[in-house]
Amino acid sequence: MLSNLSARLCSFVLSLFLIAFALPAFAGPFEDAVAKFANDDYSDTEEAIGTVASSGNKLAFPIISALQDGRLMADPDSKKVYVTGTDGKSIDAATGEAVASVPDSASAVRLNNRLRRSVDAALGSLTLQSPDLGARLQAAQSVFKSREETALEPVESALAKETNKSVKTALGEARAAILLFKSDATEVQKLEAVATIKARGDQDALALLSDIGTDQPASVTKAAASAIGSIQSSLAVWSTVQNAWYGLSLGSVLLLAAIGLAITFGVMGVINMAHGEMVMIGAYTTFVVQEVIRTRYPALFDYSLLIAVPLAFLVAGAIGMLIERSIIRFLYGRPLETLLATWGLSLVLQQAVRTMFGPTNREVGNPSWMSGAFELGQITITYNRLWILCFTLAVFAILLAMLRYSAIGLEMRAVTQNRRMAASMGIATSRVDALTFGLGSGIAGIAGVALSQIDNVSPNLGQSYIIDSFMVVVFGGVGNLWGTLVGAFTLGIANKFLEPVAGAVLGKIAILVLIILFIQKRPRGLFALKGRAVEA
Amino acid sequence: MPTKSIHDIAASFSRRGVLAATAGLMLGLASISGAKAADDTIKVGVLHSLSGTMAISETTLKDTILFLIDEQNKKGGVLGKKLEAVVVDPASNWPLFAEKARELITKDKVSVVFGCWTSVSRKSVLPVFKELNNILFYPVQYEGEESERNVFYTGAAPNQQAIPAVDYLMKEEKVKRWVLAGTDYVYPRTTNKILEAYLKSKGVAQEDIMINYTPFGHSDWQTIVADIKKFGSAGKKTAVVSTINGDANVPFYKELGNQGIKAKDIPVVAFSVGEEELAGIDTKPLVGHLAAWNYFESIKTPANEKFIKDWQAYTKNPKRTTNDPMEAHVIGFNMWIKAVEKVKSTDPDKVIDALPGIEAPNLTGGVSKMLPNHHITKPVFIGEIKGNGQFDVVWKTPGLVAGDAWSKELDGSKDLIGDWVGKKCGNFNTKTNKCLGSGS
Amino acid sequence: MTPHMLTRSLDRGAAIFLAVVAACGILIPLSNLLLPAGSFLQVPTYLVALWGKYVCYAILALAIDLIWGYCGILSLGHGAFFALGGYAMGMYLMRQIGTRGVYGNPILPDFMVFLNYSKLPWTWYGFDMFWFAALMVLLVPGLLAFCFGWLAFRSRVTGVYLSIITQAMTYALLLAFFRNDFGFGGNNGLTDFKDILGFNVQAEGTRAALFALSCLALIASFLICRTVVSSKLGKVLIAIRDAESRSRFLGYRVESYKLFVFTLSACMAGVAGALYVPQVGIINPSEFAPGNSIEAVIWVAVGGRGTLVGAALGAIVVNYAKTFFTSGVLAPYWLFMLGALFILVTLLLPKGIVGTFNAWRDQSKEKRSALTTVSAAAEDGVTEPKMAE
Amino acid sequence: MNVMDTRATSAMLYLDGVHVSFDGFHAINNLSLALEPGEMRAIIGPNGAGKTTMMDIITGKTKPDEGTVLFDGVTDLTRLDETRIAELGIGRKFQKPTVFESQTVQDNLLLALNVDHSVKGTLFWRGSKAESERIDKVLETIRLTDARNRLAGSLSHGQKQWLEIGMLLAQDPKLLLVDEPVAGMTDVETHLTAELLKEINKTHTIMVVEHDMTFVRELGVKVTCLHEGTVLAEGTIDQVSSNERVIEVYLGR
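Residue numbers (our numbering), protein chains in the order written: chain D, 30 to 565; chain H, 1048 to 1487; chain U, 9 to 397; chain L, 952 to 1204.
Keep in mind the hints are simulated off the structure, nothing from the lab. Just so you know, even glycine gets a beta-carbon here, dropped at the ideal spot from N, CA and C. A portion of the hints provided could be inaccurate.
Result set (DSS-like, lysine-lysine): computed pairs, CA atoms no more than 27 Å apart in a straight line [said to hold, decoys possible]:
#1 U:Lys330 x H:Lys1156
#2 L:Lys1014 x D:Lys550
#3 H:Lys1309 x D:Lys197
#4 H:Lys1461 x H:Lys1471
#5 H:Lys1221 x D:Lys174
#6 H:Lys1284 x D:Lys174
#7 H:Lys1309 x H:Lys1276
#8 H:Lys1284 x D:Lys211
#9 D:Lys174 x H:Lys1276
Residues of chain U placed beyond 10 Å of chain D at every Cβ, according to the derived structure [claimed, not checked]:
#10 Leu128
#11 Gly191
#12 Gly206
On the chain D side, residues computed to face chain U include the following (Cβ under 8 Å) [as the list claims (entries may be wrong)]:
#13 Ile356
#14 Pro364
#15 Ala370
#16 Met500
Please construct the entire structure, taking both the sequences and the accompanying hints into account.
See below:
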């Protein structure tokens, strides 16, 4: 603690001294380099990054990080470069002096991907000893990727001081990466490096090892080859796990889209072609919620989905009940005609949304907790897919519990099993019908909230899910929620294992053909009810 | 056995009903055919889908033409007459495109049609335009391999978009390994074929090219993105050339962003992703991915700034974006006006002959010219996606690139040219000196 | 078809329907060809092509009505048979282009040239001959329907399950035909036809002839349907529709009946598609879209299920509405109107236009006869007991 | 007769050790039953005793898990489907009257006639004098001559029951399975139905399932009482109705 403080103090004093010394001096290489940022030329910028980063100047870090964030402003006329702080205050990048304001003619220094990589590499070596753990880890990783030889020294000194285990590993890997490509590294060092990278075992490691070239000592080439082999075979195992995960994730999307249909179609027998439009309405509800939050309460953005879920349920549920009362209730007992009416309805709803919100996609943002991914072993699990899986299972569980244990659930089951009997026992069947249809639609609505996170929010949203949803419900067995669950995950996983073999299109065709054949084998789906009652 | 009763069920017939319905139908159809043609205006057909899957892209183009007509009428119209738009909705239905084209030309007697987006819609209306001899301005980048007398292609041909983009990646990003990902239809197929041939001519090995096709509206990109990631980890700099169509892009980019594929690791250059498509995504994770177009909204020229201002005023939407096919319509529309003014007639034959050689300023500071092959000259820009859904131009061609109707890279078409001025032929074989097939 | 079957199948209503179709089939082409363009009675070529399209749709609707109206098989994949027939015809038309394609290749259609095909795929063999293509128009949809039906009906897949798997079938075909590797032109499909049997497809005379031919096909399809439904087989079909297992217990092999009528219907749909393609000038995978098949079912519902005339009429009315609404000031709202039409017809006219008319007519007839008939005993149920001998 | 040698049993219908269960519920449990040619048998038993399931098994609608079902001593019915079994000559009347409601009474009978039932046969069918005479005769038997041109759907409940019996007659099977023929009938109708069945029995073997004990008594035939899918008692109506177990589970005290 104390040594850390004194080190910082020292460096502070030193930098004061440096600045004081630099001020009156003539334009040195550092100043020249900084001025190059104003040339608006990618090669010049690249050169400037290199020079600034290796200058050891105290301003290097603020300049480069400003460059990364688009806060480095350059005036092409005066060739002056400014750093705008995150607090809005600006300094002259060459001198570090505060300036009142950046001239209007100045614009942010532009980057392209090549420069972004240079910036990363430069920042990597500059932040290797940052007090922030995350920054150090990131720095080590960007050095691993850039494997700049100049970073070797900072990496080694950082490695000596580092106490955190994961940063230490990352630094070790970065060092190994540099050494592996350093022409004057010893054979022993290189072999050690290969071992370190092999231990990392991921695709980046594979990339690195495959790229070592031919000018390596034979032992290193051999070690690398065997490391590649072992990484590849472990990755092959992981890829099966990954396919399974993708299958689960696709299955959860299918289930989510189909679960509302399992109620309106499966339980009530309404062939609801407007089901997809209920999903779409849910997605648009999310859009409206986010729009309001963006303009009025930006701080709440991360909660937007939590707010949207109940709202989407209510909006879609209410529209569903309206539809039931105005159209569907006249068509009970004529299931095939519900198909026609709801098809018409879906056209109307699509066009209504198109008229209200325009035909183009609408932006629904991912809250921070839905963005990004984490690594589990060698597979990448994206947060949005993970949350959707959890969400789907939660919706399923709640729905199941509701149908089984609540009073309204009991009434719903009673009405769908024997309408006349239920009516004579004093259940208001028409109210139950409306509620059941509303429930199915409402669940479709909350599916829309989740799907808005991975798909387009456009008037065509519903169309792309309707056929899949019907397949899932029919495959699982009409009228059986568990069947829908098993059906969705079976189709999802089968699809994802077929896709790498057959390709996306053929895979999908194969699934459809399998469904057709499966229905021949079990004409009433996976979980069909048996016995006499069925055919009555 | 009395046979009459047998009919009772099956023979539920209505004689009068049939008669009345048929009569009504005849009357109704007669009323369509008897539409009156007003002489005091020049009619301009607008053939863009306003419903169905393509409405997402095409509605804007319909608005663009309405806007341009409005502007032109404010300037007094053309040849002393006002322009009048005739809007129909082919509803993303390809046979309906042909039907509506026929209706526009025969019934509404339009002088020119601006329309179509997908290649199949263009192919569907093509015979109609040839048969009825009218003019179609087609504003979308496409696979090439076509040069028809009645069609003017104001969008990019493959050499005006795909090849410069690949050149840029090779030069600036030092890309050695290529994923060509596209939706499975003709434009990506042809473009990828051209690119594959081009890359091989530049010394790229077969194993460094991965080609992947997905169905329309593909929404589950997990496997493919993972494959790209895997393909990109072979130690060579990798890039994705995306010809993924419209709707499928949003989930694709979302998956890319979420799986952490950054532009600086594996850049994606897209030919079908413009400002409109990005409007549906949070672009922050996508910063640095690329698109190749002949126009970007963010290009700062006086003409473009004025256009955007007027357009937003016309649509009463200060956030309304502009895009490349819109600019194509702007150029095409102005070319048509100039040609009409030149020959002082809207007669399609005269206008068709007058159009090659006509020049019209584009919105990016250059002057585009209609070529004898009915394609136009265009600048090519490579733009990087910015955090605000716009593009930052990182590279552009030094001058304007002439559109090739026939690709030099494909075996079938390398000797073909389109020349409607000298040879009067859309597919002239320069080797055999013959006009092939149906040309002329 | 024996003469007695024909006469049996005709009552006056059917005769009038046939007369109207025949009159249209003769008069419209004549008016188009003989009268001067622009005269009041001249039917412009544009309308001939448009009506030709409607007539093809009417044949498709008849095919659907035959299985849905009379046998209770709701196929949501009939567009697939229509499209397959269309593709068979389209392939013939493509082969007829010969060297007039843009690349001038005498054998390969244009799309194959630019996808670098070196030789014609085997699936295209024989399509340069009209008789072969015509055979395929019937055979391909028929065979698919036969195989599909054989599986499905034998396993007793019924009701909504059958509807959904027919939808899966057409959806799978849609995806397959979209694939360029499948060898049928991918998304662009087959287009830019030149001639049919040596006649230019775009010539007015050819169009008129195609129109007349479509009317003829409609008449033929109608007669076939009428013959089928008014034969004893028709009664068996209705019996199966109303009480499938009762029919089995009476000793009818339900799956054979369903298979027969499903295959017949698919062949009719194939013919409709084959006539459709030269008239609209393109065949493309979007014809396989499940939405198209659903829409075709809706035509039948609008016209009146189980009435045949109604099916044909429904196809024409709905498509006319579509043509009408997609132009002019109504264009932005046409989906509202089409959607509303479907909803209102199902709610207010559950029997469709013709069905409702028939019911109304029967009712008024019954009222009239009720006044004159004294004997109402049979209506009250039990008559005076009499011993069986 | 030599035929006798191949016959396993002289019975028209022979069930032995039949089991069937739905999702763990044993609907039929070791059921054995034999019906002699020309016999009429009444089957009684409480709801859920397995009466209808037994008929389903005989007519091929349900496949038994195990057991033998022989028709005419030679034919194993468990391997055949409904159509084939109907063709063999087993006719069935359903519990709920099932007629073709949207067709006329006459057409209902026409459909039931025991003639060529193939697709080709029906497509090229031409009515014959013999057929229409048969239909006239059946119509007379079931007293629906006046209603011949009415839609079956417009008949009263009792008339539908008769029509269905009439369809059985037209079908002319060797064995008739009649499920609750008098449910919902008036006393007069019930009586007439009993007479009708007795008349039919002169030429056909019949199995009747019925709850109405008066009706069963009127038939005056051998009675089998089923309970929980197995035979509880068999004998004359008096024997069975005095059986302790039968009284306990079915008739009530």
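Against the structure, the hints come out as follows:
1. U:Lys330 x H:Lys1156: The hint holds at about 21 Å.
2. L:Lys1014 x D:Lys550: 16 Å, holds
3. H:Lys1309 x D:Lys197: 24 Å, holds
4. H:Lys1461 x H:Lys1471: 19 Å, holds
5. H:Lys1221 x D:Lys174: With Cα atoms ~16 Å apart, Lys1221 (chain H) and Lys174 (chain D) stay inside 27 Å; holds.
6. H:Lys1284 x D:Lys174: Cα-Cα ~12 Å, so holds.
7. H:Lys1309 x H:Lys1276: Holds. Lys1309 (chain H) to Lys1276 (chain H) sits at ~11 Å (cutoff 27 Å).
8. H:Lys1284 x D:Lys211: 19 Å, holds
9. D:Lys174 x H:Lys1276: Status holds; Cα separation ~15 Å.
10. Leu128: Fine: 23 Å to the nearest Cβ keeps Leu128 (chain U) off the interface.
11. Gly191: 14 Å, holds
12. Gly206: 38 Å, holds
13. Ile356: At 6 Å from the nearest chain U Cβ, Ile356 (chain D) passes the 8 Å test, so the hint holds.
14. Pro364: 6 Å, holds
15. Ala370: 4 Å, holds
16. Met500: Met500 (chain D) check passes; min Cβ-Cβ to chain U is 6 Å, inside 8 Å.
Every hint, counting from the list given before, is met by this structure.
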